[in-house]
Amino acid sequence: MQALPAFDEMFGTGEFYDARSPEGVTTAYRAIRQWLADSPQELMAARRAQAELFFRRIGITFAVYGDAQATERLIPFDIVPRILTRREWTRLERGLKQRVAALNMFLADVYGAQEILKAGIIPAELVLMNPAFCLHMVGRQPPGGVWVHIAGIDLVRTGPDEFFVLEDNARTPSGVSYMLENREVMLKLVPDLFDQVKVAPVETYPEMLLETLASVSPRKQRGSHPTCVLLTPGQYNSAFYEHSFLADKLGIELVEGSDLFVRDDIVFMRTTEGPQRVDVIYRRVDDGFIDPLVFEPTSMLGVPGLMSAYAAGNVTLANAVGTGIADDKAIYSYMPDIVRFYMGEEPILANVPTWRCREPESLMYVLDRLPELVVKEVDGSGGYGMLVGPHAPKATIAAFAAKLKSNPEKFIAQPTLALSTCPTATDGGVAARHVDLRPFVLTGADGVRIIPGGLTRVAMTAGSLVVNSSQGGGTKDTWIIDD
Amino acid sequence: MRIRVDYRTVYQYASAASDVLQLLRVQPAGHEGQHIVSWRIDIDVDGHLKRAEDAFGNITHMLYPDGPVKTLSLHVVGEVDTVESHGVLSGGHEPLPATVFLRQTELTRPDEALRALGRQVDTGDALATCHRLTSFLYEQFSFDPDVTHSHTDAAHAYALKAGVCQDYAHVFVSVARSLGIPARYVSGHLVRNDGFVTQPAAHAWAEALVPDLGWVAFDPTNGMCATQAYLRVAVGLDYRDAAPVRGARRGGGAETMNVAVTTTATGPNQQQGQIQTQA
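Heads up: the protein sequence lines correspond to chains A and B, in order. Per the working numbering, the first sequence starts with residue 1, numbered consecutively. Per the working numbering, the second sequence starts with residue 1, numbered consecutively.
Hints were generated in silico from the structure; no laboratory data involved. Heads up, a few of these hints could be off.
What the hints assert, rightly or not - So the derived list for chain B, only partly shown, Cβ under 10 Å to chain A, looks like this:
(1) 21
(2) 22
(3) 41
(4) 43
(5) 47
(6) 48
(7) 50
(8) 54
(9) 99
(10) 152
(11) 236
(12) 248
(13) 252
C-beta atoms are modelled at their ideal positions from N, C-alpha and C, and glycine is treated no differently.
Next comes chain A alone, as it looks inside the complex:
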């Protein structure tokens, strides 16, 4: 694959790696640069082997759809950490808070007074006709007024100060278990490096998540803690490992739909000591499957009556039902306007310029420039069904053009961004690989909590821009260090 000229987070340019050149190393990477210089290739290889062993022992796996060989396999982990300085992070953090606040206000509005539709900022039918706009939430407000308790905001970088939001994940974002595991492994692997560099801790995430969930409990009890559970679709779900890992770290029960039942609009968990009332459900089951009485009637993953308990205000679901309208790719292109409308200020984090193929002029532009663009399905995720123009053969582009013409409203297009690169350990030595960053933003009734850093995803193939783990991408530990 042809490499795009990209910003390298260690050297500042994307030209060539020269491990001997001491010049031009960014502040962030000074210690890492030295560490890499002091580590011969055999030592790096030994560390990689050791890291793999740690992960095998932990058993972190990820089921990959469409991979008949193995339903589960190890996600590649890169032992070279990705570094951001405190100064860089502080700006990102402000931008993330602003963005997630706007997402929550947008949801409260579209399911409430619909001021943003009345003001003509977003075409009403784009929201009202959208399958992600859940009619059952119209006129309702979730406990504590919080819709997106857990947000994963995907950021990409193209220059020293150029960060863009690639997409918002407001439904059931995953990946935080990798953030936690990666740090655990790095602490074991290179403890001395942590002595030299002051790295912001991420270990407090489970505690912060539990506080967030407790803050939105519908029952305000004295003395006792609300009962929170994690609802998983079960062991065949691609993220089941994460569900079980998180439930364990949070110290809450991991339940499947059949472990819960609803009586008199109250949710109970079956336990050996009898039914126990449930206050907050951290659910990793999609909207359409959570209650067969209201949504997909054949779903075995949900809890019959859950929506009645929810509507009665007796249980909190995190995230709320209907948040998919906020991270819909068709809505994404309106995010800068959404931020301005609710926050009354300019967005701190920029959007990637986006063409909405539903608009005829944009469609013509996109069809003319397909080989340069990235085209995504409006309701797709995980890197499935997208076209990366510069890397696609002509036949693929032609086939995609036909799909675009027949269903333009299903697609958006963006320029192919030269994602920043980071030093990454490969079989052929340390080399530059493209990365993105998914920070996790927690919103409770009592405020916003953000763990410094997040999950860095890395495209392990030279020149590749696709970082999704479902497409063979790997992960890195992410360090926020004092400047």
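For this one, chain A is given, so just place chain B on it according to the hints.
Below, chain B without anything else, positioned relative to chain A:
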């Protein structure tokens, strides 16, 4: 017209079923043409009925029996005064913007044949188009309770050109929406004028949003607009949203269900009905 509805649904399980719960949409809300005189829901087991309102403004009840049940009987009885409005609905509770009724669903999504039907009946005028569509379905479809199921979609029913009132209604809303006319599914009861008072199931029809008139009820199964003989109970995007009962249970083995709906025109005549509504 005063309409009296009286029906009993009996569920029998081969063995006791636990965690039985049912989401009921069996109680009508009032509007200008439909005044609820009385309405009762009785169950023959210990338990609770929790009343709520759904997204479409329908009155819902969650039925929670206290323990496992072997048989469960639901008895619904009520009286409603209706006024002739030639299908035009007014004074109804509309919590959702009309645009959402342009959404197709799994049960209404049109295939090429349904789109073609849309082009065939389209007159450019929503009211005339809906009348043509209603007449077309009445004439071209045959009522046949044995060829479709509760999960049959509009495209499948149209390919068969046969089905029950649910299928007629799904085809109607599918085609209307494909032409940009907001349309919705209605479940309710109909007093038949052919002498039958006991019917195997309740009735279903459709409403379309017509400029200047608002929502107008069309019954493609009977080839006409709704009259005062129609009692409107619940609406939704399709059958699933408006179904009288959606239930769940654990265990219980085979379920048998008996339902007999009696709808009769009784009591005060039409004129008295109007007087009561105005009062």
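- [ ] List in ascending order the numbers of the hints, as given earlier, that are violated by the structure.
- [x] Those not satisfied are hints 3, 4, 10 and 13.
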